[in-house]
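Engineer: This is what each chain is made of:
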Amino acid sequence: MSTLKGRNLISITDFSKDEYIEVLDIAEEFEKNPKQKILSDKVVATLFFEPSTRTRLSFESAANQLGARIIGFSDPGGTSVQKGESLHDTIVMVSSYADLIVMRNPKEGSSRYASEVSTVPVINAGDGANQHPTQCMLDLYSIRKTQGRLDNLNIACVGDLKYGRTVHSLVQAMCNFNATFHLVSPQELKLPSSVKMSVKNAGLKYYQYTDIKDVIPVADIIYMTRVQRERFPDPLEYERVKDSCILTASMLKGCKDNMRVLHPLPRVNEITVDVDKTPYAYYFRQAQNGVYVRQALMAAILGVR
Amino acid sequence: MDTKKELVVPRIENGTVIDHIPTEVVYQVAHILGLEKYEDEVLIGNYLSSQKFIRKGIIKVKNKYFTKEELSKISLVAPMASIINIKNYEVVEKLEAEIPDHIENFIKCMNPMCITNHEKIATKFDVVDKENLKLRCHYCEKFTTKETIRFCE
Ligand SMILES: [Zn+2]
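Chains as they are written, first to last, in my numbering: chain A, 1 to 305; chain B, 1 to 153.
Be aware that one or more of the hints could be misleading.
[What the hints assert, rightly or not] Only pairs whose alpha carbons sit at most 20 Å apart, straight line, appear in this in silico DMTMM-like list of lysine to aspartate or glutamate:
id, chain 1, residue 1, chain 2, residue 2
1, B, Lys124, A, Asp14
2, B, Lys68, B, Glu98
3, B, Lys120, A, Asp89
4, A, Lys35, A, Glu60
5, B, Lys142, A, Asp14
6, A, Lys162, B, Glu141
7, B, Lys64, B, Glu39
8, A, Lys42, A, Glu60
9, B, Lys142, B, Asp126
10, B, Lys120, A, Glu116
11, A, Lys253, A, Asp276
12, A, Lys256, A, Asp151
13, B, Lys87, B, Glu41
14, A, Lys242, A, Asp214
15, A, Lys196, B, Asp129
16, A, Lys42, A, Asp99
17, A, Lys83, B, Asp129
18, B, Lys120, A, Glu85
19, A, Lys200, B, Asp129
20, A, Lys196, B, Glu141
21, B, Lys142, A, Glu60
22, B, Lys124, A, Glu116
23, A, Lys200, A, Asp151
24, B, Lys146, B, Glu70
25, A, Lys242, A, Glu270
Read the hints as simulated data drawn from the structure, not as lab findings.
Keep in mind that this is a model prediction, so the values were computed, not measured.
Please build the complete structure, drawing on both the sequences and the hints.
Structural biologist: What follows is the structure in structure tokens.
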């Protein structure tokens with residue numbers, strides 16, 4: 001029986017390297033055969049205290065394809081939550097109705113707290129700016145899928161590396177796999193020193209750049225994120241740097257054949273549409289992989305894999 | 001025994017002496033221990049001469065011995081302080097204010113978006129750096145530091 005049975009997934013550090021790999025292996029099995037009614041006696045609660053259609057549909061599609069029934073809400077309007085019920089009471093009540101809780105909540109640390117109150121396992125589907133571990137797992141899945149391995153890769157992260165939690169999680173997770181990191185961002189949006197420390201503590205190397213062109217020849221993966229105008233106190237500064245983190249098809253001429261472009265989506269203009277047609281674009285497949293990874297997590301945590 | 005300071009702050013028969021408190025945090029130590037509401041003799045001396053600091057503060061609390069939690073509170077604002085338990089005018093125990101590895105209940109998380117600032121939840125922190133005082137919130141995973149530390153009311 002898997003060590004994941006009955007576990008919570010709140011933060012990427014909750015799982016060991018072997019456990020990540022176990023989830024990815026199970027996800028591969030679901031990619032081959034996604035419709036298996038192995039959770040037909042289970043109820044999955046999806047509690048979205050803030051709307052996130054993309055993430056919720058991915059979880060619900062995953063649960064549906066495994067035959068589970070779904071209860072919950074897609075935003076707290078009209079529920080007892082809006083009437084002022086505490087998170088504590090909501091979770092205690094729902095954990096008596098469901099076998100697994102998937103929760104998204106804008107308050108940081110809310111999922112950890114829910115897991116301490118709940119009598120059933122909790123999967124964090126995003127707690128504000130803190131953690132979104134299933135996004136990280138699907139990123140790992142996509143990297144392994146496209147590269148055939150996770151070890152010894154050159155990972156380029158581009159865009160808002162300061163506030164982008166998906167990048168922080170990805171860098172931390174890839175520290176388990178002897179990666180070399182190439183960090184491209186405007187000066188104002190560099191990777192926080194705490195995340196760089198994780199890289200150093202793992203005995204790995206990172207290089208910092210301000211122009212995306214410099215990483216294209218070395219990267220195995222280019223992980224793009226959006227640079228938001230609101231992050232810049234000076235709008236002129238935004239105008240000056242915004243193009244340095246935009247990827248276009250013509251820039252990809254010197255890239256490695258195995259290189260793939262990932263993006264947590266939604267994109268705005270940081271990847272131009274002409275990239276979509278190139279063999280390097282993988283971001284839409286990446287989103288699809290989220291369903292298999294979420295199926296794998298639910299199956300493992302509920303003890304049927 | 002340093003008789004000069006005894007002239008300034010009288011001896012107590014039973015209770016605790018918190019000595020070698022940096023002058024700027026003396027009243028904060030008194031506050032976080034709730035001594036404003038303590039209904040027995042409390043003697044506070046500040047800007048006293050000492051060898052360890054140029055000037056120091058001292059607090060004497062009659063008929064009170066501090067709990068482990070209270071000692072950790074002292075350690076967070078005055079890590080150099082010594083805690084001396086007195087019985088019958090004699091020193092029975094000398095403790096250093098030692099910063100614990102984990103802190104529960106009495107510190108607020110500095111992150112306004114942290115769940116602990118929105119629901120009635122006891123806070124929990126791991127102390128990741130004792131020297132520079134860096135506490136990692138068990139819930140939101142953000143760091144509260146010397147500059148941002150606040151105590152629960
Ligand atoms: Zn917190």
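Engineer: Among all the numbered hints in the text so far, which are the ones the structure does not match?
Structural biologist: Going through the list in order, the structure violates hints 17, 21 and respects the others.
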